[in-house]
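Peer 1: Listed below, chain by chain, are the residues.
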Amino acid sequence: MYEGAVQDLIDELGLLPGIGPKSAQRIAFHVLGADSADVTRLAQTLQRVKEQVRFCRICFNVASEELCRVCRDARRNESVICVVEEPKDVIAIEKTREFRGKYHVLGGAINPLDGVGPDNLRIRELMQRLAEGTVTELIIATDPNTEGEATATYLALLVKPMGLTVSRLASGLPVGGDLEFADEVTLGRAFEGRRTLDV
Amino acid sequence: MGKGAGQYGARGLYRDHAIVLRLHKLGEADRIITVLTKRHGKIRAVAKGVRKTSSRFGARLEPFSHIDVQLYLGRSLDVVSQVETLTHFGKNIMSDYAGYTAASVIAETAERLVDEEREPALRLYLLTVGALRSIAAGEHDPPLILDAYLLRAMATAGWEPALQACAVCGRDGAHRAFSVASGGCVCTGCRPPGSATPAPETLELMSALLHGSWNYADASVEKIRREASGLIAAHLQWHLERGLRSLPFVERP
Ligand SMILES: [Zn+2]
Ligand SMILES: [Zn+2]
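Sequence order for the protein chains is A and B.
Residue 1 is where the first sequence starts when you use this note's numbering, and the numbers rise one by one after that.
Residue 200 is where the second sequence starts when you use this note's numbering, and the numbers rise one by one after that.
Hints are computed from structural coordinates only; laboratory data are not their basis.
Worth double-checking, as some hints may not be accurate.
Covered by chain A, according to a simulated footprint, are these stretches of chain B (three or more residues, beta-carbon under 8 Å) [as the list claims (entries may be wrong)]:
#, stretch
1, 261 to 269
2, 288 to 294
3, 299 to 305
All C-beta atoms in this analysis are idealised placements derived from N, C-alpha and C, irrespective of residue type, glycine included.
Starting from the given sequences, assemble the full structure and let the hints guide the process.
Peer 2: Here it is, written out as structure tokens:
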């Protein structure tokens, strides 16, 4: 145990995703040894992100205004929605330049072991968007792992009565990986070769 | 099989069959996996680089995978060095949402029923493999497979609910009342206040699930299945210190 402020910092860092006690300690000592100006900038950036960035009212992507950049863009195709787990997946897909429709960010995947069910994700909001009748195709781009596939299965069944074309990103994406780790070429190819889901 | 050093090879290498129960992200690309092995009980281990696209065993280390795994003893956690798939349960399970939710409860139950790592749990391992295989093969409705698993898993832990003889005095039944706190069916003389009075078919269904009378179980109606599920869940949660997180998400027809 370290004294007061140092231990507080280690404890706070340890709450971040993917940061274990050892990493927390390493980052804390990096901060202690860093220039005062650098630390101030980091602190201000953290504060600014909470003050200025919010979630898009329509698709729940990160946004600096009421609507995100994609939802504000009139050239984007309103009839296709690509469903992803996290805002970082939007960034990964945007990099491929293969997709010109809109997005819907679920906020995760269905994972009963972690206490995450359909009601904990933005599925109700997705259904409301689909009920408006503009959308004709749904592309499910949840992660290519067990939770992502199960979420895709759930969504495909749920929207089945609506008569949309429902597709899933093509295989070729490594199973067990995260969408964010897929390279642009692979992800772009997965988009082109998406397959229709029959449930 | 003893717990001595004899079962570990050079550099602490060992190999076993296992079911993957749970994955946790660790840092940027690694995962901590919890597996139930055939001979070494429950093990938590680090799998390095599995979230990267170039990973050698990313796809093989998914929840509900049945694997042949080689590990070496680490300082705090063991480390996965090789994985081969034995059976692809996961593929069928994740394309069946009811199966996925039932399999999640099975995995959580298996994890919770083994307190100590490396404490051999062969019967529970075999039950778990069998239940996941049955879900993947679509042999019965997933909630029925789950309830059969929960009853038998409780039996391995010594918490099998009494379904015939009175749980308190042992008088032979059938009895109408069921008391979780007393341990199952209770006779009129022993029933504590607040005991449930399930339909007689519900207790018969529980018996059928415990003993594998699948013809009877498959023919049961949803109302009876729901009542049995409720009693089984209550019985299980009574014995576990904390409730199961995954149980409320079980998808029923
Ligand atoms: Zn938006
Ligand atoms: Zn009695």
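Peer 1: Give a verdict on every hint.
Peer 2: These are the hints, each one checked on the structure:
{"no.": "1", "hint": "261 to 269", "verdict": "holds (count 3)"}
{"no.": "2", "hint": "288 to 294", "verdict": "holds (count 4)"}
{"no.": "3", "hint": "299 to 305", "verdict": "holds (count 4)"}
Violated hints: none; the structure is consistent with every hint.
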